[in-house]
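S.K.: Protein chains in written order, with our numbering: chain C, 1 to 500; chain A, 1 to 381.
In short, the hints are calculated from the structure, not lab data.
One or more hints might be untrue.
To be verified - With a Cα cut of at most 30 Å, we get these calculated DSS-like pairs of lysine-lysine: (1) LYS375/A - LYS55/A; (2) LYS45/A - LYS52/C; (3) LYS210/A - LYS150/A; (4) LYS122/C - LYS251/A; (5) LYS122/C - LYS210/A; (6) LYS210/A - LYS52/C; (7) LYS46/C - LYS380/A; (8) LYS380/A - LYS484/C; (9) LYS59/C - LYS210/A; (10) LYS45/A - LYS251/A; (11) LYS375/A - LYS59/C; (12) LYS380/A - LYS52/C.
None of the values given here were measured: they were computed from a predicted structure.
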Amino acid sequence: MVENALIDWSRAQFALTACYHWIFVPLTLGLSVIMAVMESIYVARKDEFWKKAAKFWMKLFAINFAVGIATGIILEFEFGTNWSNYSWFVGDIFGAPLAIEGILAFFMEATFFAVMFFGWNKVSRKFHLASTWLTCIGASVSALWILVANAWMQHPVGMEFNPDTVRNEMTDFWAVALNPVAVSKFFHSVLSGWMTGAVFVIGVSCWYLLRGRETRFAKASIRVASIVGIAGTLGVMFSGDSSAIHVARYQPMKLAAAEGLEDGGERAPFSIVPGVEIPGMLSILATHDIDGYVPGINDILDGYTDSDGNRILSADEKKERGDLALAAFKAYRENRDTDPQAAAQARKVLEENVEYFGYGYIQDKEDLVPSVGMVYWPFRIMVGLGCFLLLLMVAVLWAERKDRIAGLAWLQRVALFSIPLVYIAGQAGWIVAEVGRQPWAIQDLLPVNAAISSLSVGAVRTTFIVFVAVFTLFLAIELRILLKAIRKGPAVDEPEVSDR
Amino acid sequence: MFGYEFLQQYWWFIVSLLGGLLVFLLFVQGGNALIFSAGRSEEEKQLIVNSTGRKWELTFTTLVTFGGAFFASFPLFYSTSFGGAYWLWVLILISFVFQAVSYEFQTRAGNLLGRNTFRVFLVINGFMGPFLIGMAVATFFTGSDFIVDKDAVGDSLSPVISTWGSGWHGLEAFGNIWNICFGLAVFFLALVLGSLYMINNIEEENIVLKLRLRLWMFAFCFLILFVAFLLHIFVSPGFAVDADGTVFMEKSKYLHNFIQMPAVLAVFLAGVILVLYGIVKTLASKRYRRGIWFTGPGTVLAVLGLLLVAGYNGTAYYPSTADLQSSLTIANSCSSRFTLNTMTIVSFIIPFVIAYIAYAWRAMDRKSLTPEELKDTEDKY
């Protein structure tokens with residue numbers, strides 16, 4: 001029997017790796033755009049100032065990039081090491097995006113990163129610029145494919161269960177690749193990376209302004225970063241809106257948990273904080289209709305009728321159907337070589353109930369409710385900080401364009417101290433997405449207790465502790481190196497540099 | 001579009017080719033293992049680190065893509081081996097993870113642990129990476145201790161299909177002398193490749209001289225260990241599969257495979273000849289620097305041939321010593337026809353990827369790395 005402690009430690013280890021990975025990746029995504037824009041300006045204007053500016057941010061990019069790669073490889077291999085049953089049960093669908101990610105994106109990133117970093121004196125200016133953009137594009141393409149994989153876990157499509165091979169098999173690649181959840185997720189995640197890069201660059205630049213140094217560099221960086229950041233944030237908001245619709249449609253329990261909505265209905269209110277609500281707002285966000293029906297946690301457990309008039313089964317009924325599916329699967333496997341008629345009958349029952357296959361592994365219907373507090377609060381933190389950061393970037397851009405930024409010390413301080421906020425927002429977003437779908441590794445198809453590897457609790461606990469130590473050490477070193485490099489500065493404001 | 005059997009064979013070929021490329025690219029690890037022995041002064045150590053440092057991401061990416069391609073095409077291997085031989089894979093990962101950050105961190109101000117600590121991490125990866133990967137590949141021939149029971153999915157309380165027999169979860173591979181033998185062979189091959197790569201890539205007399213002196217020993221150790229392993233698998237029983245998928249032991253199975261598949265034998269022999277030619281030519285002529293361009297591709301071909309022998313011609317490529325019928329074959333562990341077909345179309349992009357890597361490589365390495373170049377640039381590790 002699978003021990004609960006093993007599930008908990010395996011989840012903890014994967015969450016740890018994912019959270020650490022998402023500290024480094026968004027900065028890679030955002031900084032790559034900012035430095036590519038700066039280098040483009042350099043190539044267009046042939047002004048050495050922009051080259052030095054781009055090179056400074058590239059230096060910080062490189063320090064951060066390596067740790068992102070290190071945490072990323074562990075994440076990929078953990079699907080096998082800690083979620084081996086998952087790897088077989090859905091590997092036929094899930095493996096493809098990971099392989100495509102490697103072939104299409106990682107080689108592009110790796111090859112052109114080396115040219116970008118070492119090639120200034122070895123290749124032509126245009127080849128170098130192309131390499132910088134290709135590094136940037138490679139980073140985004142790699143994000144695309146891993147998010148296609150993640151979106152498939154949130155909303156599995158384009159596959160069917162094969163009881164002979166005992167796994168789900170892909171039947172429609174484009175349904176997987178163009179899964180609407182994947183499209184929203186891609187823009188939401190990658191553009192949140194632009195926000196991270198922008199807030200980081202603005203914050204660091206404001207530190208220079210507070211110190212009264214590197215003024216021209218800081219102002220130029222603020223200009224580029226705030227434009228990238230504002231564009232990114234607007235994209236994050238639009239994709240967030242379509243994400244809400246998808247969550248309401250495909251993962252109603254996640255939405256109910258994110259809203260702390262016990263009992264739903266039409267004209268469902270949106271909770272700003274407990275006790276403060278906007279009437280009808282949740283219906284608008286989730287269905288784009290003020291009269292739209294949004295189910296609460298109890299409705300989902302007890303069964304309800306959705307806006308289109310479809311009756312959604314209660315948790316008990318789904319569990320019953322899941323048990324039927326598992327029993328039919330067993331009967332099929334037992335009879336397929338000896339009694340074709342019994343096997344055919346079992347297969348028919350399996351096919352009728354396969355939609356609820358995953359519910360057969362659920363022991364208690366209360367397990368279907370994720371931790372409400374772990375979803376409700378991170379959602380508010382993510383949205384609240386996102387709105388604040390948009391205002392901040394608009395204010396900073398306005399002040400820079402009006403040539404007042406250098407005199408507004410309070411704004412510089414706010415920008416500097418906002419750097420951690422963008423990271424908190426990003427982490428909170430992933431907590432909503434991943435905790436909100438518990439207990440499912442794959443929505444309605446495979447709960448975490450059936451996705452696991454058969455390992456001892458001690459082994460996973462040990463690797464968890466090792467990874468905590470290793471990742472924390474890397475983070476501490478990276479922060480210290482970044483701080484030293486920032487303190488040293490880009491040194492681009494020397495008199496010999498053109499000031500055009 | 002393509003027949004299922006063809007697709008299975010094709011993907012085993014692609015995975016084997018990626019395996020070959022990965023072993024060739026382990027020249028980065030081989031180079032790293034020599035940071036302190038071939039580089040005495042700080043300038044020499046810097047040259048070595050910067051020479052391999054411009055290529056490490058290719059090795060790393062190939063490792064990741066090898067994993068991804070294996071997952072996509074043979075998911076039962078990913079599931080069984082990674083989830084079972086847990087500690088072996090975790091050790092491989094940790095060694096590569098430390099390598100990934102060490103290049104960037106080693107000379108940066110504020111790196112907490114100091115330059116030499118990060119270089120020691122590079123040396124450790126230089127040994128552990130090739131050695132452990134070699135051990136993992138050796139188990140393709142020597143077998144592992146696992147059981148696959150797909151019916152387990154029907155058990156709602158205990159649905160895990162792959163279980164590992166040994167509580168050591170992969171560390172038991174150290175108990176088989178032939179795994180260690182092959183692991184060491186891959187390590188010495190990495191040293192050979194690293195030496196040849198740096199002889200080609202670095203223009204500094206002292207380093208090149210030291211590498212040439214050590215190349216003898218590395219090549220000798222590699223050859224002894226490799227030939228010993230080869231002879232062992234040629235005379236030992238191998239894991240054969242009959243037409244209905246039943247696995248059985250066949251005496252000298254891997255030797256029979258070579259004999260029954262002359263094309264694979266030709267690939268393997270061509271690889272071995274190229275490996276030897278690159279080494280011998282470099283040792284014979286003090287001015288010859290292009291050995292890596294023979295030994296490198298030779299390695300790709302030799303490893304390709306070896307992995308094809310492990311999987312083609314009715315052979316279980318990931319055998320189970322606990323339950324022979326649980327052994328993984330190309331047919332029982334692969335993805336569906338639809339997925340393999342889709343991935344095959346994606347794989348047509350690989351030549352394009354190789355072309356741009358080659359183009360960028362040439363553009364960057366037109367001139368060898370010199371101490372002067374490192375002195376004059378800030379763009380270095």
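S.K.: Against which earlier hints does the structure fall short, listed by number upward?
M.R.: 3, 4, 6, 9, 10
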